[in-house]
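Engineer: Starting from the known structure of chain A, fit chain B onto it as the hints suggest.
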Amino acid sequence: MNGFWRDSGVALAALVLLLGAPLAFSSPAFEDFIIRLSALALFATSLNLLVGGSGMISFGHGLFYGFGAYAFALLMQRTTLSLASAVLLTLFLAALVALLVGAVCIRLKTIYFAFVTLAIQMLFYSVIISWVSLTGGDQGLQGGIPRRVIAGIDINQQGHLYQFCAVLLVAGLFAMRHITASPFGMTLRMIRDNEARAAFLGIPLWRPKLAIFVLAGVFAALGGILASLFVSGAYPEFADWPFSGQAIFAVMLGGIDSFLGPLAGSAILLALNDIFTRLTEYHGLVQGVVILLFALGLRRGVLDFLRVLPGRGEVASR
Amino acid sequence: MTPLLEVRDLDVHYGVSQILFGVGFSLAAGQTMALLGRNGAGKSTTMKALAGILPARRGVVRLAGRDVTGAAPYRLARLGLAYVPEDRQVFPAHSVEDNLLIAQKPGPDGEITWTLERIWESFPLLAPLRRRPAGRLSGGEQQMLAIARALMGNPKILLLDEPSEGLAPLVVASIARLLRDLRSQGATILIAEQNLHFCLSIASDALIIDKGQIVYSDTIAGLEANEEIRQRYLAL
Chain A
1 MNGFWRDSGV ALAALVLLLG APLAFSSPAF EDFIIRLSAL ALFATSLNLL VGGSGMISFG
61 HGLFYGFGAY AFALLMQRTT LSLASAVLLT LFLAALVALL VGAVCIRLKT IYFAFVTLAI
121 QMLFYSVIIS WVSLTGGDQG LQGGIPRRVI AGIDINQQGH LYQFCAVLLV AGLFAMRHIT
181 ASPFGMTLRM IRDNEARAAF LGIPLWRPKL AIFVLAGVFA ALGGILASLF VSGAYPEFAD
241 WPFSGQAIFA VMLGGIDSFL GPLAGSAILL ALNDIFTRLT EYHGLVQGVV ILLFALGLRR
301 GVLDFLRVLP GRGEVASR
Chain B
1 MTPLLEVRDL DVHYGVSQIL FGVGFSLAAG QTMALLGRNG AGKSTTMKAL AGILPARRGV
61 VRLAGRDVTG AAPYRLARLG LAYVPEDRQV FPAHSVEDNL LIAQKPGPDG EITWTLERIW
121 ESFPLLAPLR RRPAGRLSGG EQQMLAIARA LMGNPKILLL DEPSEGLAPL VVASIARLLR
181 DLRSQGATIL IAEQNLHFCL SIASDALIID KGQIVYSDTI AGLEANEEIR QRYLAL
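Line order of the protein sequences matches chains A and B.
Heads up, the final residue of the first sequence is numbered 318 in the working numbering, and it's a clean run with no missing numbers.
Heads up, the final residue of the second sequence is numbered 236 in the working numbering, and it's a clean run with no missing numbers.
The set of hints was computed from the structure by calculation and includes no laboratory data.
Virtual Cβ for every residue (Gly too), placed ideally from N, Cα, C.
Each hint should be verified, as a subset may be incorrect.
Just some of the chain A residues that point at chain B, by a computed CB distance under 8 Å [as the list claims (entries may be wrong)]:
1) 110
2) 197
3) 200
4) 204
5) 205
The calculated label-pair distances, taken between Cβ atoms and stated as ranges, are [unchecked claim]:
6) 138(A) x 95(B): 54 to 60 Å
7) 77(A) x 101(B): 50 to 56 Å
8) 57(B) x 92(A): 40 to 46 Å
9) 112(A) x 219(B): 46 to 52 Å
10) 245(A) x 124(B): 51 to 57 Å
11) 298(A) x 204(B): 57 to 63 Å
12) 213(B) x 288(A): 55 to 61 Å
13) 101(B) x 290(A): 42 to 48 Å
14) 17(B) x 274(A): 52 to 58 Å
15) 93(B) x 298(A): 19 to 25 Å
16) 9(B) x 89(A): 14 to 20 Å
17) 109(B) x 19(A): 53 to 59 Å
One chain only, chain B, in its complex shape:
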């Protein structure tokens, strides 16, 4: 079976400096993958390149078997790839509900599985805030809104860039619960994270990126058991 997302030999540069060196991995439908690494390892750059925001100088990206290398971000979005940026980028002056409606669109095959009602059910913390301007939400609420907004496009795959960053432990726990629910509903998710603990309960598999290269790939349980790898690549 063809993987939903396949990345091969991806090189990305910022101007003259090269950030990613031949990054490659693949993600099957229903798989939840954690992309782990320290600050500056290339996690966000990988996510931005996959979302089409940063151009790749070399390499191939396939989405559901289709070559999407170099495709514009809007085309990737319409092909079912939803990106949740690190800084969330909600529309601060607009209400929670409007933030969701802005992003509403059928999935690549015309399917509509996510509606406002389903969002309110799946994100019980957001439902009472639906009329509030998104700029007045807490960081955790904004993160949930950004994830909900991505789902409103009925995507095939979710890219989450550091969803736990800068949030209080209790809030992180409720976001983890949310992502576990999405996983049990069969969502395909790629999460870039520094926080291994956060990913343990969410992801089935793990990749480690270091200095712009994928250096390790295993199940998340395998990584948890591998003290040496964790020390070498993830310990501060």
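The following block holds chain A by itself, in its conformation from the complex:
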């Protein structure tokens, strides 16, 4: 319970800082960065619920990110639902999809799990590309997100969108933190560490695995919703495999064993991207080198590295 209050304090402080920042200095570039970060960080952290927290390496997590973006944008364009209802309905639909996909995938382990999730994601990607009348095909979903002001919040204004994303980022991370720290989260780590042991102690493996698969899908869809708001639409790239790879990079860069690792990794990845696209057209090369240096030099993510510095003892969660 102590951990709960500490996490609440951290979340509250982060929220105050994020919401207060524009009052202290007005920087559209910073707000822009936080909006993009909120989408990627929710996506990467939700992926780490599976990869780090449960030992389920999914290559197809982008499916839920893309689904969130398209479902939300389409609901906003084609129905008169309010912003909040569209968000909730999107998350609910994402949970249903994750339940179906999970029911198929969680029977498989290791590389088989990874490849079947990837296959299902690419199936979804092909549907987006070919169903032009609904999704706009490879052009992406055009037409913008209609403006619907509720309670004075107009998400088409950058300042409001920033606040909306900041709140959802903190709330989403807090919820995932709570899941990770709960007995349910511990059960998943017990399964990750040794499936046979968990099983002969009486734990039905499929149940917590399916539950976390659905939860991770829902949080990835939340990231997709924020991305859709940022680009005022949705693009097939959201559901393409290189984007799932980005989230895996973010998790690896930031630290698989630290809860905030994927957030840190997302920030590093976005910052690298912003800095080097300005400097050179070979930004991919520079990014690759930096990632290589991290992988070979630190041999773990930044936050995991900081936690095992000499004198800090072993990482507690492993």
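Structural biologist: Same frame as chain A, but now just chain B:
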């Protein structure tokens, strides 16, 4: 009376190679059976198959008269079959007490006969270590913890895979004492062992497995008296 555990014609394979060939035996409630055999004879494979960790390609397993062939390990655990693996598999970062609490669950009929208090009484060596991380226990202490953890699930039957393996003689003696106590309290136990001497004081009956087949079945006293069988199947 139906036996508590009944195994018939069990075949188990690792990939293409067959390890068990028609293993069959039965265990009545309150019986303590030693499953003896040399290294590689199929003892651990039998135990893993009974715990549901390895699939059987042929054969039938019944637990209290109920067909549990092919059941998932968690289902067997909930039906009252507790498995103590050869390598113990305690949770090294967690305290002794937490290791026990993790495995706490009522037995198949909802009965709770094992509580933390009873564990501390029955395992006096563990009681003073309750706050210590299990990874810092000696091998013998870890073995006791693994047995205690299995009991926390209030099982009907205990499967112990080589509980004396790699332990010093004094430690082996205290584990034997513990298992004798459990036996006198009416526990049903199947012990896979190489060490006949260890089993003499614990088990009432003995099976010998060799090259994946049950080749001998008798009381443990009968086996002790049978020099020829011991030479043929157990001598190194």
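Engineer: All hints are to be evaluated individually against the structure, with a verdict given for each.
Structural biologist: A quick look at each hint next to the structure:
Hint on residue 110(A) is violated. Least Cβ distance to chain B is approximately 17 Å, over the 8 Å limit. At about 5 Å, the closest approach between the beta carbon of residue 197(A) and any beta carbon in chain B falls short of 8 Å, and the interface hint on this residue holds. Among the interface hints, the one on residue 200(A) holds; its C-beta lies about 4 Å from the nearest C-beta in chain B, closer than the 8 Å criterion. Taking 8 Å as the C-beta cut-off, the interface hint given for residue 204(A) holds, the closest approach to chain B being about 5 Å.
Given the 8 Å rule on beta carbons, the hint for residue 205(A) holds: about 7 Å separates it from the nearest Cβ of chain B. At roughly 57 Å, the beta-carbon separation of residue 138(A) and residue 95(B) lies within the given 54 to 60 Å, and the hint holds. Checking the proposed 50 to 56 Å range against residue 77(A) and residue 101(B) shows it holds: the Cβ atoms sit about 52 Å from each other. The hinted window of 40 to 46 Å between residue 57(B) and residue 92(A) holds, with their beta carbons roughly 44 Å apart.
Between residue 112(A) and residue 219(B) the C-beta distance comes to about 48 Å, which sits within the given range of 46 to 52 Å. A C-beta distance of roughly 56 Å is found between residue 245(A) and residue 124(B), which places it inside the suggested range of 51 to 57 Å. A hinted range of 57 to 63 Å holds for the C-beta pair residue 298(A) and residue 204(B), which are about 58 Å apart. Our hint of 55 to 61 Å for residue 213(B) and residue 288(A) holds, since their Cβ atoms are close to 58 Å apart.
For the pair residue 101(B) and residue 290(A), the supplied restraint of 42 to 48 Å holds, since their beta-carbon distance comes to about 45 Å. The beta-carbon spacing between residue 17(B) and residue 274(A), approximately 57 Å, falls within the hinted interval of 52 to 58 Å. Between residue 93(B) and residue 298(A) the beta carbon distance is about 23 Å. The supplied range of 19 to 25 Å therefore holds. A C-beta distance of roughly 55 Å is found between residue 9(B) and residue 89(A), which places it outside the suggested range of 14 to 20 Å.
Between residue 109(B) and residue 19(A), the C-beta spacing of about 56 Å keeps the proposed range 53 to 59 Å intact.
Of the hints listed earlier, those the structure fails to meet are numbers 1 and 16, in rising order.
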